[in-house]
Amino acid sequence: MSMEKILDKARLNDWIAALAKGGDWEVHAPALEDGVWTYKPVGDAVRMDHPNTKQPPKGFSFPQREVFFSFEQIKGEAPRLTQVMPDPKRRAVFGVRPCDGRGAVRMDRVFADNVNDPYYQARRKNVAYVGLACNTPPAATCFCKSVGGSPVSTDGLDILLTDLGDRYHVAAVTETGKAMMAVAGSPLADAAAADRKQVKQVHGEAVAQPQRAVNNPEAAPAKLKASFNSPLWEELARACIGCGICTFLCPTCHCFDLNDEMTGTVPIKGNRVRTWDNCQFPDFTMHSSGHNPRENTAARLRQRVCHKFQYFHENFGMLQCTGCGRCVSECPVGIDIVAVVNKVAEHVA
Amino acid sequence: MINIQDIRDTARDLLAKGEVRAVIGWRAGSRGMPAEPVVITAPEQADELVWDPTCYHNLALHLVEDRKFLAHARKTAGAPIGIIAKGCDARAIVVLMQENYFKREDVYIIGVSCEGSGMIAEWKVARQLDGAVPTAAAFAGDEFAFATAAGEKRLPAREVMADRCLECRNPFPKEHNVALGEDKTGRALEAPFAALARFETRSEGERWEFWQRQFDRCIRCFACRSVCPMCYCEECVVDSINIAVAPETTAEEKANRIRWIERSAVKSENITYHMTRAIHLAGRCVDCGECERVCPVNIPLRLLNNKMEREARERFGYEPGASIGGPSLVASFRDDDPGAFIR
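These protein sequence lines map, in sequence, to chains A and B. Positions 1 to 349 (my numbering) are the ones given, in order, by the first sequence. Positions 350 to 692 (my numbering) are the ones given, in order, by the second sequence.
Be a bit skeptical, because a hint or two may be false.
[To be verified] Using C-beta positions, here's what the derived DEER-type ranges look like:
| hint | chain 1 | residue 1 | chain 2 | residue 2 | range |
| --- | --- | --- | --- | --- | --- |
| 1 | A | I74 | B | S617 | 52 to 62 Å |
| 2 | B | Q477 | A | R196 | 31 to 41 Å |
| 3 | B | I673 | A | E26 | 52 to 62 Å |
| 4 | A | A349 | B | K603 | 36 to 46 Å |
FYI, nobody ran anything at the bench for these hints, they're computed from the structure. Ideal Cβ positions, reconstructed from N, Cα and C, are used throughout, including at glycine.
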């Protein structure tokens with residue numbers, strides 16, 4: 001039995017306060033900072049009128065930089081390693097859009113289902129996503145529906161909120177979500193039949209909103225596979241400047257680099273650090289010989305697009321792209337993954 | 350006002366006659382707006398070209414890409430490459446030529462004047478259109494006309510122009526083979542360095558605090574570097590591979606390479622990156638403002654480069670992008686250069 005509640009908007013902050021106090025949650029929500037919607041620890045007032053955040057919430061489980069362990073070696077002695085595990089603080093992230101919830105599902109496949117990444121998992125198990133359904137017209141760059149998502153999808157979320165004007169409909173998706181709704185001092189009230197009816201209608205209207213689409217996404221993996229040697233990639237990547245915006249802002253890009261950062265020399269001291277890496281950077285695949293198998297922007301664009309629409313599908317049986325549109329809206333030269341996939345599909349027999 | 354047909358005819362003609370091997374310009378983006386850079390190689394593609402207030406990309410970058418492509422493919426250029434260039438694009442081309450990155454005869458410049466106008470800042474448009482999504486933008490005298498689902502919306506150009514365009518003194522591409530549009534050099538809708546001057550009313554402490562916060566926000570996507578036509582180095586100080594690797598380079602040498610800037614996007618490393626870039630752009634930055642436009646987290650990077658530009662102007666009377674044959678700022682010396690700082 002699912003749990004559905006109603007929250008008076010004016011009491012959203014009371015619920016957040018209850019979560020912080022009764023549930024020991026550190027609550028984060030989107031805030032407009034320097035013209036950029038960013039997840040921030042909640043202050044006095046939460047507003048959830050954001051279109052979507054500039055960066056997805058993936059940093060909560062996979063931060064751009066994290067220390068794995070520190071090391072120290074005094075001359076003549078054995079090196080000493082000290083593992084650094086993430087802060088076990090529980091974090092509740094409010095206002096996550098359904099495309100980003102689906103992004104979390106894909107990140108979990110990589111770091112939690114397939115391999116055991118203790119750092120990712122330590123963070124992930126302490127993060128709860130309180131989603132917010134998209135019931136305003138989609139942005140010009142949204143395309144969640146054509147990649148298997150929906151503006152009201154609950155995938156990857158613990159709770160889904162739906163804006164009903166002066167109140168939120170609050171639906172639990174996971175046991176964690178239920179516990180958060182039942183937290184001591186919660187101002188959530190039972191949902192009435194009329195509320196349930198209204199939510200249904202709002203969701204129906206949201207899903208009916210037209211979006212741009214990847215045509216025939218089921219065929220995309222095979223089409224892309226067949227396109228590997230196509231000269232089309234050079235044309236598609238002609239304007240690419242090789243920056244890292246598309247992947248750093250992607251809710252599902254997860255490539256990383258490991259480096260030792262020295263903090264002292266006598267004795268030798270430092271940290272083993274994981275940072276995001278980026279397949280669009282020329283040095284991403286650079287061999288130490290100097291040879292680079294992905295030597296140009298065409299090969300690198302192909303890698304990004306094929307990873308989202310072919311390789312991930314081959315590995316996990318689902319498209320990696322969730323249609324959030326960040327790589328489209330933020331690309332400095334207008335490279336559009338929807339147009340790229342459609343064009344490639346058109347050109348492959 | 351420039352008629353788009355004149356741009357298309359010029360490009361078509363040059364390609365048909367074989368005077369250029371390609372033309373770098375803009376075409377409509379996949380969502381209509383904004384425009385996107387394109388390289389056309391056949392006369393019939395000329396009809397794709399567009400000219401509107403979203404042609405903000407500095408196309409000189411794509412000249413650099415072309416040269417790098419040719420160098421890697423070990424190809425010779427043959428005919429020159431054509432490029433449609435705004436005032437700022439043309440100034441960038443001049444700097445690149447001044448640095449012998451390519452020769453004047455390698456490039457055919459189709460200059461386009463922004464005249465009394467300039468390019469939009471999308472965030473300003475979004476603020477004014479109040480949720481309406483524009484699918485096309487056009488110059489319309491002192492206004493810009495936007496096509497939206499709710500019909501045409503007009504906004505005063507001044508209200509939605511990028512800061513860099515408001516402060517632009519040279520909207521006309523002085524260096525050109527052919528130029529379209531009126532020469533309105535010298536017009537600036539805002540005083541030059543206005544944004545910088547506004548910023549400098551803050552105290553030193555406030556400015557330091559401001560920059561620390563900004564650099565803390567940087568995600569090191571390197572879009573500012575990637576979009577800059579002046580950042581053409583094959584090896585960059587921030588990249589993880591910045592040693593020349595030869596067969597005899599040992600594993601130890603590779604492992605112990607000097608890492609000037611760590612991979613971590615943390616404040617100290619980010620500051621080093623941005624300071625290095627600002628210094629390397631001194632006397633070279635033409636204030637096309639692309640770094641600031643592309644920054645996904647809105648760091649006002651023009652302030653850094655403008656500061657260097659103003660220093661060069663005030664102390665040395667130097668203006669980047671003014672002359673191909675003239676001495677460059679950091680490679681020249683005059684007896685009357687101010688030297689009080691040299692002890």
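Outcome of the hint check:
1. In this structure, I74 of chain A and S617 of chain B break the distance hint of 52 to 62 Å, their C-beta atoms being roughly 26 Å apart.
2. At roughly 39 Å, the beta-carbon separation of Q477 of chain B and R196 of chain A lies within the given 31 to 41 Å, and the hint holds.
3. Between I673 of chain B and E26 of chain A the C-beta distance comes to about 58 Å, which sits within the given range of 52 to 62 Å.
4. Remark: the range hint 36 to 46 Å for A349 of chain A to K603 of chain B is upheld by a beta-carbon distance near 45 Å.
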